[in-house]
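*Asks:* Using the sequences and the hints given, assemble the complete structure.
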Amino acid sequence: LKIILFRIRKQVFYFLKDNYRQEQTTLDNYLTFLYLLFEYYKDSPFKYSLIRELELIYPKVYSQFVEEDIHFYIKNLLGDLFLNFQKKQLIAVLLLGYSHYMGIDFFYTGNFTKRDKFLKNLLFYLQNGIEE
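The opening residue of the sequence shown carries number 1 in UniProt numbering; numbering runs sequentially from there.
Hints listed in this document are in silico derivations from the structure and should not be mistaken for laboratory results.
Some clues are possibly wrong.
Unchecked claim - Okay, derived cross-link-like pairs now, BS3-like style, lysine-lysine, Cα gap no bigger than 30 Å in a straight line:
id, residue 1, residue 2
1, Lys88, Lys10
2, Lys120, Lys60
3, Lys117, Lys47
4, Lys117, Lys88
5, Lys42, Lys10
6, Lys117, Lys10
7, Lys75, Lys87
8, Lys17, Lys87
9, Lys117, Lys87
10, Lys117, Lys75
11, Lys117, Lys42
12, Lys17, Lys88
13, Lys47, Lys88
14, Lys117, Lys2
15, Lys120, Lys42
16, Lys60, Lys117
17, Lys42, Lys2
18, Lys120, Lys88
19, Lys88, Lys60
20, Lys47, Lys60
*Replies:* Right under this line is the structure:
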């Protein structure tokens with residue numbers, strides 16, 4: 001199981017890196033990443049379920065995956081921001097949380113029709129905050 005999960009993650013990281021566009025803003029690249037994650041997992045949601053179940057089966061490996069995800073976000077999405085490492089790490093954890101929410105919402109419910117609305121709303125809140 002671990003070998004399968006490592007392969008899935010490797011595929012996902014390469015897929016995201018191959019579609020990263022340096023000329024885009026951090027926010028645009030993040031939304032592209034979410035869209036690509038959705039596209040990657042929608043045809044085989046069991047892959048997403050395996051990764052989520054890893055947390056219960058192999059908690060140490062899952063912790064390692066989370067750390068790798070955070071560093072991936074910092075390096076590939078937040079690297080150009082003029083913030084210290086701690087602030088980038090905080091932002092990366094927040095963005096990772098949105099990714100997990102999206103995964104749980106779509107891949108466990110099977111309701112894929114709300115994707116565009118979710119991304120549009122997330123963009124609004126990331127740009128404007130949650131207070132009026």
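*Asks:* For each hint, tell me whether it holds in the structure or not.
*Replies:* Here is how each hint holds up against the structure:
no., hint, result
1, Lys88 with Lys10, "holds (23 Å)"
2, Lys120 with Lys60, "violated (35 Å)"
3, Lys117 with Lys47, "holds (24 Å)"
4, Lys117 with Lys88, "holds (27 Å)"
5, Lys42 with Lys10, "holds (17 Å)"
6, Lys117 with Lys10, "holds (29 Å)"
7, Lys75 with Lys87, "holds (13 Å)"
8, Lys17 with Lys87, "holds (22 Å)"
9, Lys117 with Lys87, "holds (28 Å)"
10, Lys117 with Lys75, "holds (28 Å)"
11, Lys117 with Lys42, "holds (16 Å)"
12, Lys17 with Lys88, "holds (19 Å)"
13, Lys47 with Lys88, "holds (28 Å)"
14, Lys117 with Lys2, "violated (34 Å)"
15, Lys120 with Lys42, "holds (19 Å)"
16, Lys60 with Lys117, "violated (35 Å)"
17, Lys42 with Lys2, "holds (21 Å)"
18, Lys120 with Lys88, "holds (23 Å)"
19, Lys88 with Lys60, "holds (23 Å)"
20, Lys47 with Lys60, "holds (19 Å)"
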